[in-house]
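S.K.: Top line first, the protein sequences correspond to chains A and B. Position 130, counted from 1, in the first sequence is what numbering that gives the first Met the number 0 calls 129; the numbers after and before it change by one each time, with no gaps. Position 20, counted from 1, in the second sequence is what numbering that gives the first Met the number 0 calls 19; the numbers after and before it change by one each time, with no gaps.
What the hints contain is simulated information worked out from the structure, not anything from laboratory work. Be careful, since some hints might not be right.
[To be verified] Cβ-Cβ distance ranges computed for the label pairs, FRET-style:
1. A:L65 - B:G12: 51 to 59 Å
2. A:V223 - B:L16: 27 to 35 Å
3. A:A314 - B:G12: 41 to 49 Å
4. B:L16 - A:S304: 37 to 45 Å
5. A:P76 - B:L16: 19 to 27 Å
Backbone N, C-alpha and C define an ideal beta-carbon position, used for all residues, glycine too.
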Amino acid sequence: MVETITPVVYGGRARWTAAFALHVAGATASAAMFGLILGGVGSLLGAPWGRAGAIALAAAAAVYALGELPRITATVPQLRRQVPDWWREFFSWPVAATLYGAGLGIGFFTYLSHGTLVVVALAALASGDPLVGAIVVAPFGLARGLSAARASGVRTQEASQRLVDHLAETPERGRSIANGSALVVVGGLSLVTAAGAADGWGAFATAALALAFAWAAASKVADVRGWRRTLAAHGLPRGVGAAAVFGVPTAEALVPVLAVSGWPRAAAIWALVLLLVFTVEALRAWRRFGPHVPCGCFGGREAVSPAALLLRNAALAGLAATVALRPAPPPAFSWPGWPAPGEVLPMVLAIVGVGVAGFTAWTATKWLGGGARP
Amino acid sequence: MLTDALGGDAVAGALVLALVAASAVAGWSALYGP
Numbered sequence: 000m001v002e003t004i005t006p007v008v009y010g011g012r013a014r015w016t017a018a019f020a021l022h023v024a025g026a027t028a029s030a031a032m033f034g035l036i037l038g039g040v041g042s043l044l045g046a047p048w049g050r051a052g053a054i055a056l057a058a059a060a061a062v063y064a065l066g067e068l069p070r071i072t073a074t075v076p077q078l079r080r081q082v083p084d085w086w087r088e089f090f091s092w093p094v095a096a097t098l099y100g101a102g103l104g105i106g107f108f109t110y111l112s113h114g115t116l117v118v119v120a121l122a123a124l125a126s127g128d129p130l131v132g133a134i135v136v137a138p139f140g141l142a143r144g145l146s147a148a149r150a151s152g153v154r155t156q157e158a159s160q161r162l163v164d165h166l167a168e169t170p171e172r173g174r175s176i177a178n179g180s181a182l183v184v185v186g187g188l189s190l191v192t193a194a195g196a197a198d199g200w201g202a203f204a205t206a207a208l209a210l211a212f213a214w215a216a217a218s219k220v221a222d223v224r225g226w227r228r229t230l231a232a233h234g235l236p237r238g239v240g241a242a243a244v245f246g247v248p249t250a251e252a253l254v255p256v257l258a259v260s261g262w263p264r265a266a267a268i269w270a271l272v273l274l275l276v277f278t279v280e281a282l283r284a285w286r287r288f289g290p291h292v293p294c295g296c297f298g299g300r301e302a303v304s305p306a307a308l309l310l311r312n313a314a315l316a317g318l319a320a321t322v323a324l325r326p327a328p329p330p331a332f333s334w335p336g337w338p339a340p341g342e343v344l345p346m347v348l349a350i351v352g353v354g355v356a357g358f359t360a361w362t363a364t365k366w367l368g369g370g371a372r373p
Numbered sequence: 000m001l002t003d004a005l006g007g008d009a010v011a012g013a014l015v016l017a018l019v020a021a022s023a024v025a026g027w028s029a030l031y032g033p
């Protein structure tokens with residue numbers, strides 16, 4: 000990736016210096032914005048989650064610290080996209096350099112060899128504070144942007160290729176030690192924080208349930224074609240299959256909506272109803288397909304074993320039961336009252352504005368990603 | 000938890016600093032990816 004930010008690409012050292020500065024600014028800004036959003040989402044989900052949040056952070060740090068050891072693998076969620084080449088030809092160089100930085104700053108859209116960013120992102124979420132989220136995630140973008148300085152001496156295409164080869168051949172050991180050590184420190188400090196923190200398990204379980212169902216719904220909507228294939232493989236009656244295409248993600252999305260709207264118990268009971276339906280369908284598919292049940296779960300499109308499916312549903316049901324049975328945490332969000340007559344027009348304009356902004360962002364994301372290589 | 004960092008809690012402040020360092024390490028490590 001670093002070969003896209005070299006003096007040879009930008010036509011000389013002077014222009015490269017300006018492009019490099021914009022690249023760093025873009026990467027830092029997008030990482031900070033990502034952290035800000037995570038902190039804001041965490042706040043909506045009732046974070047900070049006290050002892051529960053600190054223990055979850057320590058557990059995640061422990062898993063990914065172990066993943067840095069030889070012969071141990073911890074899966075890192077990532078989309079493995081590369082920044083589209085056509086940006087460089089289509090946009091002016093300052094815009095392209097900034098967009099390249101912005102594309103790399105979020106991290107999860109590209110390749111990640113270490114799970115450290117997962118732990119940092121979880122911390123941003125668990126902080127429940129957009130400012131803290133931005134403070135902890137921004138250094139990822141800053142360091143990733145600054146790392147392109149390694150290309151400052153590249154004057155020819157051959158030198159660019161040599162740099163890429165050299166980086167690819169650099170042993171993993173040093174980076175594993177650095178990431179593992181950072182994660183051990185984060186995990187240890189999280190445990191110390193947990194010792195002095197308040198309970199928080201109710202709010203944490205609600206947030207975990209809401210996030211699990213939000214992810215399940217979003218992954219189906221993001222890959223409707225794959226979801227349709229999964230439904231077709233189940234051989235449902237025609238009407239049921241057609242209704243399930245958008246009915247299932249909508250039903251799943253209701254869980255996080257209820258949770259952030261201040262009705263966690265309703266969200267938990269609705270989640271239990273959905274899990275019951277999914278389990279009945281899993282058992283039916285087990286009888287029909289044997290040990291490989293087609294699963295549209297969490298974006299995965301591969302057949303899974305019925306035992307894994309039932310175990311996962313049982314774990315989610317346990318989470319939902321915890322939320323339903325524990326005293327509800329104070330709502331993080333409360334509905335505003337009806338607007339006064341003078342507030343109706345500003346409210347309508349604000350709603351239309353948010354809708355237009357959302358549509359523009361969605362269209363721009365699709366358009367800018369049009370040339371992305373898998 | 001982490002919000003205390005801005006209010007002066009020493010452990011939470013240290014945790015935020017550790018996360019900032021971890022975040023920077025992760026960012027630099029990404030240079031070596033594809």
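S.K.: With reference to the structure, classify each hint as holding or not holding.
M.R.: Now the hints, each set against the structure:
no. : hint                       : verdict
1   : A:L65 - B:G12: 51 to 59 Å  : 27 Å, violated
2   : A:V223 - B:L16: 27 to 35 Å : 43 Å, violated
3   : A:A314 - B:G12: 41 to 49 Å : 35 Å, violated
4   : B:L16 - A:S304: 37 to 45 Å : 44 Å, holds
5   : A:P76 - B:L16: 19 to 27 Å  : 25 Å, holds
Hints 1, 2 and 3 from the earlier list are contradicted by this structure; the remaining hints agree with it.
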